[in-house]
Structure formats: C-alpha cells, structure tokens
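Colleague: Taken in sequence, the protein lines are chains A and B. Under this note's numbering, residues 30 to 356 are what the first sequence spells out, in order. Under this note's numbering, residues 20 to 136 are what the second sequence spells out, in order.
Calculated from the structure, these hints are not laboratory results. None of the values given here were measured: they were computed from a predicted structure. Cβ coordinates follow ideal geometry from the N, Cα and C atoms, glycine included. Be careful, since some hints might not be right.
Said to hold, decoys possible - Residues from chain A that keep clear of chain B, each with C-beta distances beyond 10 Å, as calculated:
| no. | residue |
| --- | --- |
| 1 | Asp79 |
| 2 | Val106 |
| 3 | Thr252 |
| 4 | Arg315 |
| 5 | Ser345 |
What the hints assert, rightly or not - Here's a subset of chain A near chain B, in silico, CB distances under 7 Å, partners left out:
| no. | residue |
| --- | --- |
| 6 | Asp38 |
| 7 | Ile40 |
| 8 | Ile41 |
| 9 | Glu43 |
| 10 | Leu44 |
| 11 | His47 |
| 12 | Ala115 |
| 13 | Lys136 |
| 14 | Pro137 |
| 15 | Phe138 |
What the hints assert, rightly or not - Distance condition first, Cα-Cα at most 25 Å in a straight line; then the derived SDA-like pairs of lysine to any residue:
| no. | chain 1 | residue 1 | chain 2 | residue 2 |
| --- | --- | --- | --- | --- |
| 16 | B | Lys70 | A | Glu43 |
| 17 | A | Lys89 | A | Asp118 |
| 18 | A | Lys254 | A | Ala199 |
| 19 | B | Lys70 | A | Leu42 |
| 20 | B | Lys70 | A | Asp38 |
| 21 | A | Lys212 | B | Asp92 |
Each chain is listed here by its residues.
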Amino acid sequence: MQILAVDDDPIILELLQHFVTAFGDHVLTIVDCPLDALDLLCDSNAVHFDCFLLDIQMPKMTGIELVEKIRQIPTYVDTPVLMLTAMTDRTHIDAAFKAGATDYVTKPFEVNELRGRINLLEAIAVSSSRPLAPNSSSWSAEAQPLAFNDPIALHDPLSVYDVENFIDHAAMENYIIRLSRSKLFGSTSFSLGIRAVEMLHNSLTPYEFHSLIADVAEVISDTLKGCGFLMTYAGGGIYVGIADCNWRPQTEHLMDSINIALSQADLADNAGARLEIRVSAGRAVRLAWKASDSILESLADAYTSAEDACQIFEESRNDFWFVGKTG
Amino acid sequence: MKATDSTLPGLERIRAHFLERLATSYQELSTCVIDALNTANPDSAGRSLTKASTILHKISGSAGSLGFEELGDAARRCEASVLGYLDTSTRHDKKRLEDVAFNISDFVYDCIIVLDA
Numbered sequence: 030m031q032i033l034a035v036d037d038d039p040i041i042l043e044l045l046q047h048f049v050t051a052f053g054d055h056v057l058t059i060v061d062c063p064l065d066a067l068d069l070l071c072d073s074n075a076v077h078f079d080c081f082l083l084d085i086q087m088p089k090m091t092g093i094e095l096v097e098k099i100r101q102i103p104t105y106v107d108t109p110v111l112m113l114t115a116m117t118d119r120t121h122i123d124a125a126f127k128a129g130a131t132d133y134v135t136k137p138f139e140v141n142e143l144r145g146r147i148n149l150l151e152a153i154a155v156s157s158s159r160p161l162a163p164n165s166s167s168w169s170a171e172a173q174p175l176a177f178n179d180p181i182a183l184h185d186p187l188s189v190y191d192v193e194n195f196i197d198h199a200a201m202e203n204y205i206i207r208l209s210r211s212k213l214f215g216s217t218s219f220s221l222g223i224r225a226v227e228m229l230h231n232s233l234t235p236y237e238f239h240s241l242i243a244d245v246a247e248v249i250s251d252t253l254k255g256c257g258f259l260m261t262y263a264g265g266g267i268y269v270g271i272a273d274c275n276w277r278p279q280t281e282h283l284m285d286s287i288n289i290a291l292s293q294a295d296l297a298d299n300a301g302a303r304l305e306i307r308v309s310a311g312r313a314v315r316l317a318w319k320a321s322d323s324i325l326e327s328l329a330d331a332y333t334s335a336e337d338a339c340q341i342f343e344e345s346r347n348d349f350w351f352v353g354k355t356g
Numbered sequence: 020m021k022a023t024d025s026t027l028p029g030l031e032r033i034r035a036h037f038l039e040r041l042a043t044s045y046q047e048l049s050t051c052v053i054d055a056l057n058t059a060n061p062d063s064a065g066r067s068l069t070k071a072s073t074i075l076h077k078i079s080g081s082a083g084s085l086g087f088e089e090l091g092d093a094a095r096r097c098e099a100s101v102l103g104y105l106d107t108s109t110r111h112d113k114k115r116l117e118d119v120a121f122n123i124s125d126f127v128y129d130c131i132i133v134l135d136a
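Okay, chain A solo, but in the shape it has when bound (with noise of 0.2 Å):
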C-alpha cells in the first residue's frame, strides 16, 4: 500500500518509518503538517494513497479536522483512516469515527499491534472498490464510480458519506472493539429496518436503491439530532446503532418519529414515482452488564432484532385479528 502518515511530532514519524518499513511491501509517505498533506493530496501529479495514519491532536488542523478535509476529496471518501492517538477519551474517539475514521490505535505503538491494524486497512481497501451508496446533498459526479448501476446483494452493507453520525459498517465494528467496556457502560445498542426491503431492492435499481439508503440515513440523522448516537447501514435494510450513556432511545417513539420524518421526506424513485417507505425499530438493549466479547455480538444482535421487527410486522399486515402498530 501507499501510506501517508501525519504527525508534528518526528519522533512518531520516525517510528512510523521504522515499523512500517519492517512490515515490508508498503511505502510509506511522511509529512509533519497536516496543511501540506492536503497540499499533496490535491496534487493531481502526486502517488495515490491507499491508507491514512493520522494523529489528532496537531497544531494548526487537529487529525480529526483533517478527516472531514479528506473525505471531501471525491477519491478518498472511502480510503481507510487510521487514528494514531493518545487521546483515549471518548469524545475525541467518538468525533474521530464521526468524521471518518475507520480505526484507531492509541499511541505509544506496540509493534504487533500497528502491524495487525494495518493489515485490517489493507483488507478494508483492496474490498473498498465496492459501489458506494450516494448522498444527494454532496454527490459529485467525478466521485459516482463508472460501476454504480452494477448490481449489490441485498445483504451488503453500503458505505453512507456526509451524514451526520453515520459512519462505516467496518468503522463501527473497529469502534465497538476498541472502545473498552467502561467506555461502552451505559450505552446502549439499538436499530431500525426498512420495511419490506426485499420488495424494494427487487423492484429498484441499485443507484436507486442505494439513493434509497442514503435518504432514510439522512432522515434517522435529522430526526435524531442532537442525540448521542453512532449508526452503520448494516445491508438488508437494517441501520445499527449505538447511543452514548446520554441518551436512552425508546424504542416506541422512535419509530413513530422516524416514519412520520419519513412520511413527510417525499421519497421517489427516478421516475417520480413516489416510495412509502417506513421503518420497524429493533429493541434498544443496554450495554452496561455485557461482558468484553459480547459487545461486539449486540450489533448483531440489534440487526437480528430489528429484522424480525420488520418481519412481524409484514405478518401481522395479513392478520385480520391482530390488533397493534400500523405504523
């Protein structure tokens, strides 16, 4: 890979150029300032990277700032960002995923660990060649790969960009691991699945279909707003997500919120034809008493709960007798 690291402190950089080079087979790229590596990122002359190693706290731009720089370069929304930090606290790892981190590893370095995080990147961006879902409001067209209309399994997850708390499905899986579990205690996981999703992903295009995801992303974004929360599209319909201790979703209201936001948005296909898309909320399940291994399993979990949301739903459609939620 193609790496570029930024770091004001030479030491680290140094360090980075040592490991980086015992690892072997990846070039790495340092700069000092996180001004000039957007310089060079811009440059149309430069080498394209296929990897970011950021420090947050810099003079002049923090790593985080930097984030959001980069993922507004069409060619880089979707390139793997690894946070390199010694700033564990939740706020600061929280706003790093917000703004596009994919990972992050707290300094000081231990080699096998560095070593493991990159091979993980290197994964993540040789799989990145995927179609991306579109966001209406920042879409450009030198950034719409030429594949798009290439048909996606239901099931895959789907990058969503500049929505506001929705991050990567791969950045929401490395922060429920490394976030450790007193940083987890009190939050709580929930999740939301678009009803009779199959029907949508047969009856619409992919680029449709992947405008579809965005625009639900954006509405549960809007919706929510000043709600602490993390959420990933998972793939099957299904959006996962992790409230912070400040705030408990119930589960309820939630769904009436979200499909009354939702009623209102005037969604539509490329033909205008209108969609009436409402959504089926999984249950919220509190963090607190969960063991280390078992965090990670509650997105599962919240997707697994949030489908059979759906499917009780769509069944209890052709219940005469049943007497519930017609959301």
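Let chain A serve as the given structure and place chain B on it in line with the hints.
Modeller: Okay, now just chain B, sitting in the frame of chain A:
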C-alpha cells in the same frame, strides 16, 4: 513495542533522538513551571501550562514505544494533572497551581534520571 525487540534493529537511532529531545523538553518544562508560578496573571499561567501539557503529550505518546514505559506513564499522569487544572475554574487557586507545578517538577526529575542512566 518493547525496545529490546531484536526483530527491529535501528530503534537505537530513534531512541537517541528521543533522548536528545528529552534533554531539551525537561528544560522547557522547568521554564513553563517557573513562568506559571511567577505570574499574577491566571491566563498567562494557563498559557505556560498549556505549553507544558503539549510537551508532556508528546513524551507520553512515544516513550513507551522506545522502552521508556515508566517515563511515558509518568508523562501521561502529569499531563492529566495539568489538563485537570486547565479544565476547571480554579485557575485562580494558587494552591492547585502549586500542586501542578510540583507534579511537573517531579516529572522533570524523572527525565533527569532517565538521561543520566
């Protein structure tokens, strides 16, 4: 990473650079402490301590990777005490300022021990 990892030769050069910088850093920390204690202006003291926290942050971020784990941990604790002072509304508290200055002085002594080793 442990500094004695024999699979990664060449760390000695980086370690030497770290120690060269440490020799400068602890003197800068001493200056920050003196400036903070000798000013009647809380904002000026805050600026001196902010500079100190930046120096401590850099040391804590790299020391452990070069075999100076204890020094890195000490830097992190010291940085936390400085940030705790800067984050609260107690900048006019002379006693708290003296406590922070004392912590930094202890850390300066740790640096001298490492450099003399």
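Colleague: Does each hint hold? Answer for all of them.
Modeller: Results of checking the hints against the structure:
no.	hint	result
1	Asp79	holds, 23 Å
2	Val106	holds, 29 Å
3	Thr252	holds, 33 Å
4	Arg315	holds, 29 Å
5	Ser345	holds, 52 Å
6	Asp38	holds, 5 Å
7	Ile40	holds, 4 Å
8	Ile41	holds, 6 Å
9	Glu43	holds, 5 Å
10	Leu44	holds, 6 Å
11	His47	holds, 6 Å
12	Ala115	holds, 5 Å
13	Lys136	holds, 4 Å
14	Pro137	holds, 3 Å
15	Phe138	holds, 5 Å
16	B:Lys70 x A:Glu43	holds, 23 Å
17	A:Lys89 x A:Asp118	holds, 21 Å
18	A:Lys254 x A:Ala199	holds, 23 Å
19	B:Lys70 x A:Leu42	holds, 21 Å
20	B:Lys70 x A:Asp38	holds, 15 Å
21	A:Lys212 x B:Asp92	holds, 20 Å
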